[in-house]
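Participant: Sequence:
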Amino acid sequence: MANLDDSDKQFVYLQMIKHAILEINYDKKIRKNYTDFVRQFYLNSDQQLNIIDTFEENYNLHSPIWWYTRKCNIYHMLRKAFYKKDFEIIWRLGFFIRDLNRDIRKSHLQTHNHQRSLVTVYRTTAIKTADFEKLERSEGGVLAFDDFLITTLELNVALKFANTLCNDPGMIAIIFKIDIDPITSTMSYIALNNLSFFSNTEGEVLFSMNTIFRIEKLEKRQDRLYQVNLTAVGKKDEEIKNILEYMDEVTLGLSGWYKLAKLLVDVKQYDGAENIYKFCFSQTQENHRDERAFVQHELGHLNELKNNYPSAIEHYRTALGIDLKHLEAVHPALLSTHVNLGDVLLKNGDFNEAIKEYKSALKIEKPEKLNVPVQYNNIGKVFLKQRMYSEAQQNFEKAVQILLQEFPTARRELADTYHNIGEMYYLMKDYAKALNYYDKTLELDQKVFSQNDPSLASTYYNLATVNEALKLHKKAIQYVEKAVEIVQAFYGNNHAETKAYVKYRTQLQQTS
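Under our numbering, think of the first position of the sequence shown as 155, with each following residue one higher.
One thing to keep in mind: the hints can contain errors.
Derived DSSO-like pairs: lysine-lysine, alpha-carbon spacing no greater than 27 Å straight-line [as the list claims (entries may be wrong)]:
{"no.": "1", "residue 1": "K238", "residue 2": "K416"}
{"no.": "2", "residue 1": "K234", "residue 2": "K432"}
{"no.": "3", "residue 1": "K594", "residue 2": "K523"}
{"no.": "4", "residue 1": "K583", "residue 2": "K552"}
{"no.": "5", "residue 1": "K238", "residue 2": "K422"}
{"no.": "6", "residue 1": "K282", "residue 2": "K234"}
{"no.": "7", "residue 1": "K239", "residue 2": "K282"}
{"no.": "8", "residue 1": "K636", "residue 2": "K601"}
{"no.": "9", "residue 1": "K225", "residue 2": "K282"}
{"no.": "10", "residue 1": "K225", "residue 2": "K314"}
{"no.": "11", "residue 1": "K601", "residue 2": "K552"}
{"no.": "12", "residue 1": "K416", "residue 2": "K183"}
{"no.": "13", "residue 1": "K234", "residue 2": "K331"}
{"no.": "14", "residue 1": "K653", "residue 2": "K636"}
{"no.": "15", "residue 1": "K460", "residue 2": "K238"}
{"no.": "16", "residue 1": "K186", "residue 2": "K225"}
{"no.": "17", "residue 1": "K238", "residue 2": "K288"}
{"no.": "18", "residue 1": "K520", "residue 2": "K510"}
{"no.": "19", "residue 1": "K288", "residue 2": "K371"}
{"no.": "20", "residue 1": "K653", "residue 2": "K625"}
{"no.": "21", "residue 1": "K539", "residue 2": "K460"}
{"no.": "22", "residue 1": "K183", "residue 2": "K432"}
{"no.": "23", "residue 1": "K539", "residue 2": "K657"}
{"no.": "24", "residue 1": "K432", "residue 2": "K460"}
Listed next, with one range per pair, are the computed distances between beta-carbon atoms [stated by the list, open to error]:
{"no.": "25", "residue 1": "E551", "residue 2": "E597", "range": "12 to 22 Å"}
{"no.": "26", "residue 1": "P608", "residue 2": "N461", "range": "12 to 22 Å"}
{"no.": "27", "residue 1": "S666", "residue 2": "L406", "range": "46 to 56 Å"}
{"no.": "28", "residue 1": "E440", "residue 2": "E370", "range": "49 to 59 Å"}
{"no.": "29", "residue 1": "Q642", "residue 2": "K510", "range": "39 to 49 Å"}
{"no.": "30", "residue 1": "E290", "residue 2": "E597", "range": "42 to 52 Å"}
{"no.": "31", "residue 1": "G410", "residue 2": "E551", "range": "44 to 54 Å"}
{"no.": "32", "residue 1": "E635", "residue 2": "N590", "range": "14 to 24 Å"}
{"no.": "33", "residue 1": "D240", "residue 2": "G503", "range": "31 to 41 Å"}
It is worth saying that the hints were derived from the structure and are not from the lab.
Here a beta-carbon is modelled for each residue, glycine too, at the ideal position from N, C-alpha and C.
Could you build the full structure based on these sequences and the hints that come with them?
Facilitator: So this is what it looks like as structure tokens:
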């Protein structure tokens, strides 16, 4: 379970990933992919290997509910994956998640669709004291269970189990009392009576995925045992609406596998995303050039995020090669690949090749309006990396001239160029001019970014370094203090950038 009131991005993305999984069309290859993958975990268990073989050969002979309630390896792997937010395992099990969810919904429509009376079920668990304290503070908030929730209609069954959990001094036993109004609730559930692998499931109720509830009240039943009253919420709930809208915004224009891969990249599950992209590429026909180029471009971006620059370069170049087979060299669709390839070549130290890509981007027909000054700025950055200051300055000045004359409202692009000019003068040890351009950068940044944006912290840090070089230690400390304050609030104390800024602040304080 996860609390939506937390700023826990992992939880929100888990909801989005589960929604994406339900949209995908799966074939038998995906199921075979899963069984081949899962066998490696049970090489020493003939019993489990036999169950996996049976699952692979006889999957369609039983319902997904039957397989889930058998509580074999697929049940345990799925629950563990949801608990640990192991997104790669979740996507590998996507076919089963979708099938189980559909099975529950179908059974619900057949047996509960005309139900009008309130349904009350119970779920027992144990949580750490710290998690319970967080739960106490969340009364009135929203709670979600990550996996497929199994509950009971019998309070005495829930109590009996809860009493066995009270003995651990580090844990609090919880009975969730869940009230569902079938008229307003949109979630699906099904009584397991004749659907389960086991015959003794009288009174058990299985819920579909993405069950979200409102926390109404916490009641103490006895020492270390609490009852938490929940009510089901639907899509009309304002908080849930906001989350669903955010989900749609993040994955706008994407569907199925590509939506899932995008979400995995966003939560830094790069290996899982890479597996999906490679699978998609292998399934895409040669004549679907746009899609094949898109996948290679995304693989380039993914490897760039992993700092695997040679692989990123290879994928970006493959994407360009596919596109150039059916597009003119100046086609607008090539712009982003040229620019991204130039960026990663620059990071990899391939300066001449980077300039070639940025110059190719300059030649694009009918480009985005800001393309020309942005590419001059990019070319300037390459020369700056090589300490070729005259060439860098020429390109930066071209960028500034075009931005001021043709794009006076392009503050972010102008700020980026001013920042690069400031860095150039700093490296040339012309600190007065560097300070002038960093001041210009700050003036624009304050109009573009919120006061807690990390981009602003970077500018404050640069101002600190140039003021230190000018022997203005008091000002330098003031600026680095602002930088530290922002990155601590945004990243926390353990982030590399926070540690670097704090270390620099300490050095300044010791020398002042």
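Participant: Against this structure, judge whether each hint is valid.
Facilitator: Do the hints match the structure? See the list:
1. K238 - K416: The given pair, whose Cα atoms are some 20 Å apart, holds under the 27 Å limit.
2. K234 - K432: Between K234 and K432 the Cα gap is close to 25 Å, so the pair holds against 27 Å.
3. K594 - K523: Given that 27 Å is the threshold and the Cα spacing comes to 23 Å, the pair holds.
4. K583 - K552: Since the Cα atoms of K583 and K552 sit roughly 23 Å apart, the hinted pair holds (cutoff 27 Å).
5. K238 - K422: With a Cα-Cα distance of about 14 Å, the restraint between K238 and K422 holds, given a limit of 27 Å.
6. K282 - K234: Within the cut-off at roughly 18 Å; holds.
7. K239 - K282: Distance ~18 Å between K239 and K282 Cα, so the pair holds.
8. K636 - K601: It holds: about 17 Å lies between the C-alpha atoms, which stays within 27 Å.
9. K225 - K282: 25 Å, holds
10. K225 - K314: 21 Å, holds
11. K601 - K552: 23 Å, holds
12. K416 - K183: 22 Å, holds
13. K234 - K331: Holds, at roughly 24 Å.
14. K653 - K636: 14 Å, holds
15. K460 - K238: 22 Å, holds
16. K186 - K225: Distance ~20 Å between K186 and K225 Cα, so the pair holds.
17. K238 - K288: 19 Å, holds
18. K520 - K510: 19 Å, holds
19. K288 - K371: Holds, because 14 Å separates the two Cα atoms, which is no more than 27 Å.
20. K653 - K625: Distance of about 24 Å is within 27 Å: holds.
21. K539 - K460: 22 Å, holds
22. K183 - K432: Distance ~14 Å between K183 and K432 Cα, so the pair holds.
23. K539 - K657: Measuring from Cα to Cα gives roughly 25 Å; hence the hint holds.
24. K432 - K460: Holds - the C-alpha atoms of K460 and K432 are around 16 Å apart, at most 27 Å.
25. E551 - E597: 12 to 22 Å: Holds: the Cβ-Cβ distance is about 19 Å, inside 12 to 22 Å.
26. P608 - N461: 12 to 22 Å: 19 Å, holds
27. S666 - L406: 46 to 56 Å: Holds - the Cβ-Cβ distance for S666 and L406, about 50 Å, lies within 46 to 56 Å.
28. E440 - E370: 49 to 59 Å: 57 Å, holds
29. Q642 - K510: 39 to 49 Å: Taking Cβ atoms as reference, Q642 and K510 lie about 41 Å apart, which means the hint holds.
30. E290 - E597: 42 to 52 Å: 47 Å, holds
31. G410 - E551: 44 to 54 Å: Given range 44 to 54 Å: holds, Cβ gap about 47 Å.
32. E635 - N590: 14 to 24 Å: 22 Å, holds
33. D240 - G503: 31 to 41 Å: Because 36 Å falls inside the window, the suggested range holds.
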